[in-house]
Amino acid sequence: MTVFIIRRLIQALLVVFMMSVIVFFGVNIVGDPVYMLVSPDADQADIAAAISRLGLDRPIWEQYLLFLKGAAQGDLGNSFIFGEPALKLILHHMPATMELAFSALILAIVVGIPLGLYAGLYPDSRISKGIMAASIFGFSLPTFWVGLMLIMLFAVELRWVPATGRGDLGTFLGIQSSLFTLDGLSHIFLPALNLALLKISLAIRLTRAGVREAMGLDYVKYARAKGLSTRRIIFVHVMKNIMIPVVTVMGLEFGSLIGFSVVTETIFAWPGMGKLLIDAILQLDRPVVVAYLMIIVLFFVLINLVVDILYSILDPRVRLQDQGA
Amino acid sequence: MRKLTAATAVAFGILAIGAGAASAEKLTIGLASEPTSLDPHFHNLGPNNAMSVHIFDRLIAQDEKQRLSPGLAVSWQPIDDLTWEFKLREGVKFHDGSDFTADDVVCTMARAPEVPNSPSGYGTYLKGKEVIKIDDYTVHFKTAAPYPLMGNDISTIPVISEAGCAAATEEFNAGTAAIGTGPFKFQSYTPGESIVLTRNDDYWGDAPIWSEVEFRPITSGPSRVASLLAGDVDLISGVPTTDIATLEGNSDIQLSQGVSNRVIYLHMDQFRENSPFVQANGGGDIVNPLLDVRVRKAISMAINRDAIVDRVMEGVAMPAGQLLPEGFFGVSDNLDVVAYDPDGAKALLAEAGYPDGFELTIHGPNDRYINDAKIAEAIAQMLTRIGIKTAVETMPRSVYFGRASTGSPDGLPEFSFILVGWGAGSGEASSPLKSLIHTFDKDAGFGSSNRGRHSDPETDALIEEALSTVDDTKRQALLAQATERAIENVAIIPTHFQVNTWAAKAGLSYIARTDEYTLATGVVKD
Amino acid sequence: MSDLVADTALDAATPPRVETPFQRFRAEFFESKIATIALAIFLIIVLLAVLAPWITPQNPYDLAQVSVMDGRLPPGSEAFDGYTMWLGSDGSGRDLYSAILYGLRISLTVGLASGVIALLIGMAIGLVAAYAGGRIEAIIMRIVDLQLSFPASLVALMMVAALGKGVDKIILALVIAQWAYYARTVRATALVERSKEYVEAAQCLGISRFRIVFRHILPNCMAPLIVVGTVQTASAISLEATLSFLGVGLPQTEPSIGVLIANGFEYMLSGRYWISVFPGLALLLTVVSINLVGDHLRDVLNPRLKK
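Protein chains in written order, with the working numbering: chain A, 11 to 335; chain B, 12 to 537; chain C, 174 to 480.
Hints are not guaranteed to be accurate.
[Claimed, not checked] Pulled a few chain C residues facing chain B out of the computed Cβ check, cut under 7 angstroms:
| no. | residue |
| --- | --- |
| 1 | Leu220 |
| 2 | Leu224 |
| 3 | Leu246 |
| 4 | Pro248 |
| 5 | Ser250 |
| 6 | Tyr256 |
| 7 | Thr426 |
[What the hints assert, rightly or not] No farther apart than 30 angstroms at their CA atoms in a straight line, the calculated lysine-lysine pairs in the DSBU-like style are these:
| no. | chain 1 | residue 1 | chain 2 | residue 2 |
| --- | --- | --- | --- | --- |
| 8 | B | Lys153 | B | Lys140 |
| 9 | B | Lys153 | B | Lys485 |
| 10 | B | Lys485 | B | Lys140 |
| 11 | C | Lys369 | B | Lys400 |
| 12 | A | Lys231 | C | Lys369 |
| 13 | B | Lys138 | B | Lys153 |
| 14 | B | Lys308 | B | Lys400 |
| 15 | B | Lys536 | B | Lys37 |
| 16 | C | Lys342 | A | Lys139 |
What the hints contain is simulated information worked out from the structure, not anything from laboratory work. Glycine included, each C-beta is placed from N, C-alpha and C at the ideal position.
Starting from the given sequences, assemble the full structure and let the hints guide the process.
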């Protein structure tokens, strides 16, 4: 086990290193950040000074080596725009994104699984067909479009919740989050719903497919023959079997929630790291873009590792090895 | 629907805690763009400067039309050709209770150009100026040559207390060093989320009517409008032109509009025989027609400025015939907007030897100016209709400005025909003349944004003379003359001046500013 | 698409019977009214897109035919050049009906091209992994895993940011964002097939590995691939719209459906509903119809769901 984890961590470092090369050079091909930074009033000498202050006059490989040197000491460079360490900026914006993605995931599970269960148990009913049709819309409508519609309906017309921004923070068990205050919850509701729509559809579909398959399997037939109540069959036997894959997939989708939060955060003016990333891309704040990706790569590699380890604990048939999934 | 809205608002009042101003004294503002720091000397950028006005005063203030008025200095005048004397206001206290004196000015002027990691500092305005303390309430600014724009330059520098001079940018962002003399005090700053300021009850000027102001960045236009409609915020800046018509018809909303100091214009390649994005009809090289003033004039005549204002800008802009709107220092009274005359344009093209036109590509940004990509498209349509077959290429400003300035292999401007804008930060005509019209001169710092490389020695001489004429009347005449000559030569083609729009909830209005700043002190109750 | 299914299904078929697998497949597919209608709608959309230059009054990419004076006209207005704009016009004066059809051409090209290229690449890599086994398989699958754990939206966003704008670049970005889905699907199916008796039998008969992979394993992977393909194509089309919204999508002047919708976003609160609603509907119809077809294909092709 320890050997396995160490090997995987070494692999992870390798991946992070490869990504750093790709991202660093990729980001450096596009545009010229100097013109995003200097004031229009700046004259030629000011511009030249800015270029050398940012180190952009050095050859790119030299810039990369400097970056590596810093990275080895935990310094991913300073943001061109904010002048602060990129890592600090990202960590500062991370909690807002995490709580948004987490809320969306919970919403997806709480709403999606029961609907999917129903649709799987009664595949021919009208309601099920409605659920499935609606889930296709969840897949197909662009997030930004739905987001603004949600704001118009719930914030502008009905005035149930605020339109944009993050609410007051509360502290619970030492964690600071807007999930612990009423104001915070009222602010997070719309963006979380917006972000969750895609995942609700996914949860519905996964659950439905799982249920439909399971209902035809032998163990369900035996259970029926034994005279177990339908309710017991569904909630004890079927659910137990389909929950593992559904929850696993949903867990892996956590990453994609973070990815999609870029759009939701833009619409809802949510101060998360997705907003930070898209602003950094649009303003060519290279150190922030690079640092963001480094962190995300590390994050995903770790999630994968944890999932693999959990799997081996849950299912003794899976042996820990580095070969394929 | 509105009635129902009010009823539900009451019913769900508990949920909507964050919405609206709970007390009449609190003001919430939705900003289109966020400051990058609260350090007033960190980044010379519109949103940063606007924010720092609340906390830090300048020696000289700029009013809503960018006219200079006494700030922390009660007077400023040249006492000889090379020295300006500033008399400081007495009895002013910083937020921490310390007195404002000449020492604060001296250390401010030393810190402003020297902030570590600053992406773009204030050195531009302090270059070649030496600050000398005469007594506690008198300072002298010395220059090597006569310098008329001292007041304009000094009006851009926020004054911090001597205690803050050694502080790092982080300490300003944390609030510990954000100590000024301004009408508001620092309360809290959460990047990307909010900036909260409270009233400075000991302010030396008129005390603000708002006891607390919260600024919230909401960069997406429709979301910003929706936040105002939902009552989350009381005022928004940068109202998208697309929404102005509907908001005008909404009795819950009050719009405030004012022309800005920003002109949108076209720059044409005037230095290359073979311009990369100009072709003969059907492809093939031709001698760059844009070198011919008649072709440039024809292009200007082919542009239907009224159509741009009316159709693209939805009426929210002013057709432009020169570099700054009337009312600014140094504009000419003799210049009219070039009339739309497609037939005259065609005739002029034929006279220049291009009866069938040629091919051209217009380049422009798509996320910098109001409706920039649509304007580029409209201009291409208009030119195509007089025979200059124009393609459009727009790109994010992050890519655009680098290529437009130094994108060609030899470090010259890459494009042939570009759409750009210029906001005159100093609020007078020397700013665009110096940067856009004057011959590109790296050593003297002239023409830094002259991306068409227009060059006319006579215009240059007029500009340079204006920049060393301290007498206001004479300088004004010189600037107007330089402008007239530049327009006569079609150095650039101005299309329109941007008009900025703010929207507030009913009962409030905003005193529109030419510098596009959104200031809490400009929000008044009706 | 159904041709593809037909070929492979026939290939895999043993001596012809009265009812070929394809006939059975076709009968089952058309049993569902919804799927049939969805397929018909999709085919009509493709047809409209292909025929766009001949059935629209305006070429929205030719600036000589577009005029700002026609901007923001409501549906049914008459354009400066005399034709009627049945769906109204957008902010730049493009006839929305024409712009939508031309936009569909681009969006479908982007969706299908990226889908097909990603499928080919993913398929090749997946087969190599499944057949090579051992260390090579381990390395490939690690990369696939890693790629899959990145959200496609983020990968595409980064790629476009690094590559710049343009149809070719968007396609490349979408391919890079999506190939791994196909690779995983192919490998998973191929692993199942590999252990089946007929492969062992073929191996015993001395048939080359290459032939086994291409003649026997690959045809059996087609069903899941087609299902993944439909879903991925649909998601590529809406991903392109999202990228355009974020300001890193296709150029403004030759709008895809995604760009039209992103432009329409500005108009959502302006009361000029048509500028955002009609392109939105076009995207919705396209993506929903592809998804419905894909959904039903999965049900039909999944033997475990047979009644």
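For each hint, the structure was consulted:
Because the closest C-beta pair between Leu220 (chain C) and chain B is about 29 angstroms apart, greater than 7 angstroms, the hint is violated. For Leu224 (chain C), the interface hint is violated, the least distance from its beta-carbon to any beta-carbon of chain B being 26 angstroms, above 7 angstroms. Hint status for Leu246 (chain C) relative to chain B: violated, with the closest Cβ pair at about 10 angstroms, above 7 angstroms. Proximity of Pro248 (chain C) to chain B is violated relative to the hint, the smallest CB-CB distance being about 18 angstroms (cut-off 7 angstroms).
Because the closest C-beta pair between Ser250 (chain C) and chain B is about 14 angstroms apart, greater than 7 angstroms, the hint is violated. Interface restraint check for Tyr256 (chain C): the shortest CB-CB distance to chain B comes to about 17 angstroms, outside 7 angstroms, so the restraint is violated. The criterion of a C-beta within 7 angstroms of any C-beta in chain B is met by Thr426 (chain C), whose closest approach is roughly 5 angstroms, and the hint holds. Proposed proximity of Lys153 (chain B) and Lys140 (chain B) is supported: the alpha carbons are some 5 angstroms apart, at most 30 angstroms.
For the proposed pair Lys153 (chain B) and Lys485 (chain B), the alpha carbon gap of about 22 angstroms is at most 30 angstroms, so the pair holds. A threshold of 30 angstroms between alpha carbons decides the hint, and for Lys485 (chain B) with Lys140 (chain B) the separation of about 23 angstroms falls inside it, so the pair holds. With a CA separation close to 64 angstroms, the supplied pair Lys369 (chain C) and Lys400 (chain B) exceeds the 30 angstroms bound. A distance of roughly 27 angstroms separates the Cα atoms of Lys231 (chain A) and Lys369 (chain C); the hinted pair therefore holds under the 30 angstroms criterion.
Distance check on the hinted pair: Lys138 (chain B) and Lys153 (chain B) sit about 11 angstroms apart at the alpha-carbon level, within 30 angstroms; holds. Restraint check for Lys308 (chain B) and Lys400 (chain B): satisfied, since their Cα atoms lie roughly 17 angstroms apart, inside the 30 angstroms limit. Straight-line distance between C-alpha atoms of Lys536 (chain B) and Lys37 (chain B) comes to about 12 angstroms, which keeps the hinted pair within the 30 angstroms bound. Distance check on the hinted pair: Lys342 (chain C) and Lys139 (chain A) sit about 39 angstroms apart at the alpha-carbon level, beyond 30 angstroms; violated.
Hint compliance for this structure: hints 1, 2, 3, 4, 5, 6, 11, 16 are not met, and every other hint is.
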